[in-house]
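Chemist: Here's the letter readout for the chains.
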Amino acid sequence: MPPRISSAEIDGHLPLKPLVFQVLLALTDAKRHGWSLVREVQQRGGFSRIMPGNFYRTLRTMLAEGLIAESTSRGDQREEDERRRYFELTRLGEAVAGAEAARLEAAVVEARAKRLLARSRG
Amino acid sequence: MTLYRLLLLAFPRRVRREYGEDMVRMFEAQLRTARVTGNSRLRLWCSAAADAVFYGLAERFGAPSHRPHIDVRRRGRWRSWMDSVRLDLRYAIRLFLAQPGTTFIAVLTLALGIGANTAIFSAVDAVLLRPLPYEEPDRLVMVWEKRQAEGVLENVVSPADYLDWEKMNTVFESIAGVLTLTADLTGSGEPERLVGAGVSPAFFEVLRLKPVEGRFFRQDEIIPGRHRVVVLSNGLWQRRFGGDRSVVGRKLLLNGVPHEVVGVLPSTFEFPDPTIEVWAPLALAGGTNPPSRTLHQLTVYARLKPGVALDQARTEMDRIGGILSAEYPDSNRTHGAWVTPLDEHLREPIRAGLLLLFASVAFVLLIACVNVANLLLARAASRRREVAVRAALGAGKGRLAGQSLTESVVLGLLGGTAGLLVAYWGIELLRQLAPSDVAIVGLDRMGLDMRILAFCAVLSIGTALLFGLLPAWQLAHQDVNEALKFGSRTAGGVRRRLRVALVVSEIALASLLLAGAGLTWRSFQTLLRAESGFTMDGILTSLITLPGARYRGADKLLTTFDNIEQRLKAIPGVVAVGGTSALPLSGMDGRRGVGIEGREPTPDAPTRAHPRSVTPDYFRAIGVQVIAGRAFSSADRSGSPLAVIVNDTMARRYWPGQSAIGRRVALADSEWREVVGVVRDVRHWGLDRTVNPELYLPQAQMPSSALVFTLRTSVPPQSIAGAVREQLRAVDADLPLSRVRTMEDVAAESVAARSASMRVLAVFGALALILAAAGIYGVMAHLVAIRSNEIGVRMTLGARPADVMRLILREGVIQAAVGLAIGLTGAVLVMRSFRSLLYEVSPADPMTLAVVGVVLLTTALVACALPARRAMKVDPVSALRQ
Chain A
1450 MPPRISSAEI DGHLPLKPLV FQVLLALTDA KRHGWSLVRE VQQRGGFSRI MPGNFYRTLR
1510 TMLAEGLIAE STSRGDQREE DERRRYFELT RLGEAVAGAE AARLEAAVVE ARAKRLLARS
1570 RG
Chain U
391 MTLYRLLLLA FPRRVRREYG EDMVRMFEAQ LRTARVTGNS RLRLWCSAAA DAVFYGLAER
451 FGAPSHRPHI DVRRRGRWRS WMDSVRLDLR YAIRLFLAQP GTTFIAVLTL ALGIGANTAI
511 FSAVDAVLLR PLPYEEPDRL VMVWEKRQAE GVLENVVSPA DYLDWEKMNT VFESIAGVLT
571 LTADLTGSGE PERLVGAGVS PAFFEVLRLK PVEGRFFRQD EIIPGRHRVV VLSNGLWQRR
631 FGGDRSVVGR KLLLNGVPHE VVGVLPSTFE FPDPTIEVWA PLALAGGTNP PSRTLHQLTV
691 YARLKPGVAL DQARTEMDRI GGILSAEYPD SNRTHGAWVT PLDEHLREPI RAGLLLLFAS
751 VAFVLLIACV NVANLLLARA ASRRREVAVR AALGAGKGRL AGQSLTESVV LGLLGGTAGL
811 LVAYWGIELL RQLAPSDVAI VGLDRMGLDM RILAFCAVLS IGTALLFGLL PAWQLAHQDV
871 NEALKFGSRT AGGVRRRLRV ALVVSEIALA SLLLAGAGLT WRSFQTLLRA ESGFTMDGIL
931 TSLITLPGAR YRGADKLLTT FDNIEQRLKA IPGVVAVGGT SALPLSGMDG RRGVGIEGRE
991 PTPDAPTRAH PRSVTPDYFR AIGVQVIAGR AFSSADRSGS PLAVIVNDTM ARRYWPGQSA
1051 IGRRVALADS EWREVVGVVR DVRHWGLDRT VNPELYLPQA QMPSSALVFT LRTSVPPQSI
1111 AGAVREQLRA VDADLPLSRV RTMEDVAAES VAARSASMRV LAVFGALALI LAAAGIYGVM
1171 AHLVAIRSNE IGVRMTLGAR PADVMRLILR EGVIQAAVGL AIGLTGAVLV MRSFRSLLYE
1231 VSPADPMTLA VVGVVLLTTA LVACALPARR AMKVDPVSAL RQ
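Protein chains in written order, with this note's numbering: chain A, 1450 to 1571; chain U, 391 to 1272.
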């Protein structure tokens, strides 16, 4: 049984940059390689144009911080491409993404309480 | 993708090795997506460049925490210098990252300047600097007929003279004559009219070409009977035969006669006339008639023997010219021979135009330099304290200046890198703008190769030194004590004068460039409005040639052309139809000696004219005015009295002060013809050319097998082009159709080269104006900011806001006026040396200079007004407290 991740360690990463959070979200379903990650993140909206330099620097930082790891086996068998580098979520990454989601949810709850969201929901 | 890989060099190698491929693939995918969705790829490239440079440098220099500490004391001298450079570099880049806005503007400015220069340089390099794309090009020459008395050095050569040169000379390894022809290709597929050339078999030896298929001509193939062979251009081979290798040995029907294809030219072969697609051996001797010594028609190319100098060849050809003059005094008394390097012949016509572009783009870069120098000065000003502290702690002047220069060089290289992208697109743009049917040998080689990259690198560093020296000098020479004191009140003297100098030079540079562009534009406009002598709009033209093999005899020609004319006239929307054997501005022409009754031609003053056959309605159709006598009518047919019409120039030259009507002229050896009319001059050879004597003959009395039909229409001419083709096909389905063009297209093509360079120049002018406006604004804003203290004092002492406004504006206007005076004077001086590019516009054209002056003064005023408004709102109290 691996040791529990301390909440202090998780809080150290918060709040997450939007791009980092989206990458974590995209990786919760499956392992992905760079370009499929980009498409996924773009489809979730908000990032109309992510350029390679920015994107890979973000990935490298996330790797260094232990939020994601490089995968040895491919997740998506349909994409027959060995030259691609696959990424997956670490336990830390998963925990941090969860904590960020909770943080955002709290913010949303507060916003709703203050009727910021009331109008748009009809 | 090579370009993107170049961009990735901004990243450290370890990152590239690990992620480089991924990044390339990601970018490829983005490009594909952009192509599919129709998003701008230019924008994508720009973002990619900014992204690579920014994050690449961040990777290199942005995360210093795990870098080893450098202990300067333990290193040797060289190493320690290297270390200090490295520290400077890292410092510079952190500084840039800390002020991304300023950095971005500086890099963008430099990228535009350096990129535009690199693009133009690649054209200059490809067209003017590199050797011509032939083997040992410095031995290639052209040989011309020289007529010193008439001031003509480069005239085409008569076949008999050419054959004598070939026999007698001792200086050429090989020599070849070229005659441009047209050939109608019929038989399989669409009939088509081709431009071809008859050449001496030695032609391919002169240029040292190797066929990609088959062979070239043998020496015996100029003998009549064996001469029905052709070599195809690579373009025709691909276009018409799909690159099929079995074409060698096949027979083609050219002008109705079968010719065997013996070879194909390589695709790399560029000839001064790119329209030539078939090459045939030129049979000059051995026919029934002896070769002519009076019909001048050959262009002659030759290769010098190894070791023979140009002067030697000229002396030799002078000797031969002398012998021929003595032997054939009738035809050759005043004729000699003249040798010019091929290189010079091909490049001279475009040299001035390209150099003008190069000069103007250099000015754009200078303006960019001034802008960046100003940005750096402003930044240096805000860092005075910091630098002073470092000086106080023991940093030497050299060290401080070195650090500032390092910053400039880094900035220059960043600008250069981004400039490569600008250059890449610029070159694409130049390719598209280049006139397609004007031969510019070598233009295809234009591109971002190692030479151009090296040029770009040197230019970037040179630019950096240019704009970086001033701020470096300033930093190193500032008074540490003054700077360390509180308050920047003492910014004063030197720095202000520097900035005023910057504004003045900026305006001077911009006005110089704008005046140059303006003058060129004016002369282009004048040229377009030049009195052409005929109507340009509402006219459709189409060249029709009746192949001699099927249309034998004058009667058949005349009835067929008559039939065509009637059919064309019947097309709805056609007002008048005429035909001519030589359309103005199309390059078709010929010149003959003519006999003028009562006037003996002398060798020094020969009587010549350019004859053309026209149909009765031609003058009405193309809008040429009859100024005396009458136009031709259907009564001027074969059998009726022979009639001619002359142009105004001919009438005035040969019958000065008298009426030309009723005079008689004779063509070469035939009978006297009476002048029945005089028409206005037509600019036949180009809008900027002089008019020669012209002689119009009725087509019915002097039938030509090739006529250009001109249709005056009451509807947009292009709209009936289809109907014209249909009618022609109805007359003869095998009739090759040359292009159906409007007269305006014909005219536009005749000025295509000028209009292309005009457009490039306009882009540079606009770029210069924008950069200058931004620069002036930047300097003025800063000047106002550092004077806010003084303005505060003035306002405390009772100056009203309007006074402050006036003060700032007055200074701006004075500076602009000084800059204008310098710039416009410079423009007049510079444009004098480009006079050959101006058409009927003086380099000191007051209209152009005035417009440039007004535009720049307005720009300067607006650029000053914004900071001046800010100055008006200065709060005296807070300004004084600073």
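Rather than coming from a laboratory, the hints here were simulated on the basis of the structure.
Any given hint could be a false lead.
[Claimed, not checked] Below, in silico cross-link-like pairs of lysine to aspartate or glutamate (DMTMM-like), each with a Cα-Cα straight-line distance of 25 Å or less:
no., chain 1, residue 1, chain 2, residue 2
1, A, Lys1480, U, Glu1134
2, A, Lys1480, U, Glu418
3, U, Lys959, U, Glu1134
[Stated by the list, open to error] Derived, one-sided and incomplete: chain A residues facing chain U with beta-carbon distance under 10 Å:
no., residue
4, Arg1453
5, Ile1454
6, Ser1456
7, Phe1470
8, Ala1479
9, Lys1480
10, His1482
11, Trp1484
12, Arg1488
13, Tyr1505
14, Arg1506
15, Leu1508
16, Arg1534
17, Leu1541
18, Ala1556
19, Val1557
Just so it is clear, the structure is predicted and the values come from calculations on it, not from any experiment.
From the three backbone atoms N, C-alpha and C, an ideal C-beta is built for every residue, glycine too.
Chemist: Look at each hint and say if it fits the structure.
Modeler: For each hint, the structure was consulted:
For the hint pairing Lys1480(A) with Glu1134(U), the CA-to-CA distance comes to about 63 Å; that exceeds 25 Å, so the pair is violated. For the hint linking Lys1480(A) to Glu418(U), the alpha-carbon distance of about 22 Å falls within 25 Å, and the restraint holds. As the CA atoms of Lys959(U) and Glu1134(U) are separated by approximately 21 Å, the hinted pair is consistent with the 25 Å bound. Given hint, Arg1453(A) at the interface with chain U, is violated; its Cβ is 28 Å from that chain's nearest Cβ, farther than 10 Å.
The interface hint given for Ile1454(A) is violated, since its Cβ lies 24 Å from the closest Cβ of chain U, which is over the 10 Å cut-off. With a cut of 10 Å, the hint placing Ser1456(A) at the interface with chain U is violated, because the nearest CB-to-CB distance is about 26 Å. The beta carbon of Phe1470(A) is not positioned within 10 Å of any beta carbon in chain U (closest approach about 20 Å), and the interface hint is therefore violated. A distance limit of 10 Å between C-beta atoms decides the matter here; for Ala1479(A) the minimum to chain U is near 18 Å, and the interface restraint is violated.
Annotation: interface hint on Lys1480(A) violated; nearest CB of chain U at approximately 15 Å, more than 10 Å. Proximity of His1482(A) to chain U holds as hinted, the smallest CB-CB distance being about 8 Å (cut-off 10 Å). The interface hint given for Trp1484(A) is met, as the beta carbon of that residue sits about 5 Å from the closest beta carbon of chain U, less than 10 Å. For Arg1488(A), the shortest C-beta to C-beta distance to chain U is roughly 8 Å, which falls under 10 Å, so the interface hint holds.
At its closest, the beta carbon of Tyr1505(A) sits 5 Å from a beta carbon of chain U; the interface hint therefore holds under the 10 Å criterion. The interface hint given for Arg1506(A) holds, since its Cβ lies 5 Å from the closest Cβ of chain U, which is under the 10 Å cut-off. Restraint check, Leu1508(A) versus chain U: the minimum CB separation of about 8 Å is within 10 Å; hint holds. Interface restraint check: Arg1534(A) against chain U, minimum CB-CB distance 6 Å, threshold 10 Å, status holds.
Because the closest C-beta pair between Leu1541(A) and chain U is about 21 Å apart, greater than 10 Å, the hint is violated. Contact between Ala1556(A) and chain U, as hinted, is not supported at the beta carbon level, the nearest pair being about 29 Å apart and thus beyond 10 Å. For the restraint placing Val1557(A) at the interface with chain U, the shortest Cβ-Cβ distance is roughly 32 Å, beyond the 10 Å limit, so the hint is violated.
Violation of the numbered hints given earlier is confined to hints 1, 4, 5, 6, 7, 8, 9, 17, 18 and 19; the remaining hints are satisfied by the structure.
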